Amino acid sequence: MAKPGTKQRILNTSLDLFNQLGTPNASTNHIALELDISPGNLYYHYPNKEQLIETLFTNYEVALQPLIKQTVAEELSIEDIWFFLHLNFELALEYRFIYQDTDYITLKCPSLAAKFQGLLTALFRILVRLLTALSENGTLLAPAKTIIKDISLNMLLICTQWIHFKKHLAGITEANIAGDHFNQGIYQALSLLLPYLDQAHQEHLHHLQDAYQ
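Numbering (our numbering), first residue to last: 1494 to 1706.
The hints are simulated quantities; they were obtained by calculation from the structure and are not laboratory data. Fair warning: there could be bad hints in the mix.
Simulated pairs of lysine-lysine, DSS-like, Cα-Cα distance not exceeding 27 angstroms [stated by the list, open to error]:
no.: 1; residue 1: K1601; residue 2: K1500
no.: 2; residue 1: K1562; residue 2: K1638
no.: 3; residue 1: K1659; residue 2: K1642
no.: 4; residue 1: K1638; residue 2: K1542
no.: 5; residue 1: K1608; residue 2: K1562
no.: 6; residue 1: K1608; residue 2: K1542
no.: 7; residue 1: K1496; residue 2: K1542
no.: 8; residue 1: K1642; residue 2: K1608
no.: 9; residue 1: K1601; residue 2: K1642
no.: 10; residue 1: K1642; residue 2: K1562
no.: 11; residue 1: K1601; residue 2: K1660
no.: 12; residue 1: K1608; residue 2: K1660
no.: 13; residue 1: K1638; residue 2: K1601
no.: 14; residue 1: K1660; residue 2: K1542
no.: 15; residue 1: K1562; residue 2: K1496
no.: 16; residue 1: K1608; residue 2: K1500
Predicted, not measured: the structure shown is a model, and the values here were computed from it.
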């Protein structure tokens, strides 16, 4: 397999350092030093830090599209919600700097504020559609149908804010968060469905949750 070119290596290293050090703490000089290239070489490909942030954000948007634009089948099951949450958390882990440093990013790159809002709105809408399908096919029991938006919003909060919550809860000072912390987030998001499932579906959901304990 061919090695990635300099431009891609810069992006990969920027993503790693933004995730590990925090976006405010990872300068272009840090990135160049990590890559063992001159700052001038980095600036040739990305003239400033803003371009790096914007490019990585766009990559995250693109990676989310299959989840956001998926067709919701009538025969949707608990596994489909589990799969959606799992993939969503995987991407959130890969691009966690976006959620760790949202205020800094939107201040540094004002054009991303509206895009970030649009992304959250799209994730909320697909969650509503997925849970509505589960309600309509009888997987989710009444009164779930009347509070689909509430459940969806709470799921979205867990998916997007788990990083900050877990860091403070565990007393983690560095920006780098281990994958098992995200597993706990998936577990908590799935738990929101438990009150609205019959016993058979509850047992099935518990079986899915076992993978994250």
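Against the structure, the hints:
A hinted pair counts as satisfied when its Cα atoms are at most 27 angstroms apart, and K1601 with K1500 qualifies at roughly 21 angstroms. Restraint check for K1562 and K1638: the C-alpha separation of about 22 angstroms stays at or below 27 angstroms, so the hint holds. For the suggested pair K1659 and K1642, the alpha carbons sit about 24 angstroms apart, so the restraint of at most 27 angstroms is met. Taking the CA atoms of K1638 and K1542, the gap is near 45 angstroms; set against the 27 angstroms cutoff, the hint is violated.
Between K1608 and K1562 the alpha-carbon distance is near 16 angstroms, which keeps this suggested pair within the 27 angstroms criterion. A distance of roughly 18 angstroms separates the Cα atoms of K1608 and K1542; the hinted pair therefore holds under the 27 angstroms criterion. Taking the CA atoms of K1496 and K1542, the gap is near 24 angstroms; set against the 27 angstroms cutoff, the hint holds. Of the supplied pair hints, the one linking K1642 and K1608 holds, its CA atoms being roughly 22 angstroms apart against a limit of 27 angstroms.
Restraint check for K1601 and K1642: the C-alpha separation of about 32 angstroms exceeds 27 angstroms, so the hint is violated. Between K1642 and K1562 the CA atoms are separated by roughly 18 angstroms; this keeps the pair inside 27 angstroms, and the hint holds. Under the criterion of a C-alpha separation no larger than 27 angstroms, the hint pairing K1601 with K1660 is consistent with the structure, at around 23 angstroms. Taking the CA atoms of K1608 and K1660, the gap is near 26 angstroms; set against the 27 angstroms cutoff, the hint holds.
Taking the CA atoms of K1638 and K1601, the gap is about 40 angstroms. The hint is violated against a cut of 27 angstroms. With a C-alpha separation of about 25 angstroms, the suggested pair K1660 and K1542 falls inside the 27 angstroms cut-off, and the hint holds. For the hint linking K1562 to K1496, the alpha-carbon distance of about 32 angstroms lies beyond 27 angstroms, and the restraint is violated. With a CA separation close to 24 angstroms, the supplied pair K1608 and K1500 stays within the 27 angstroms bound.
Violated hints for the displayed structure, listed by number in ascending order: 4, 9, 13 and 15.
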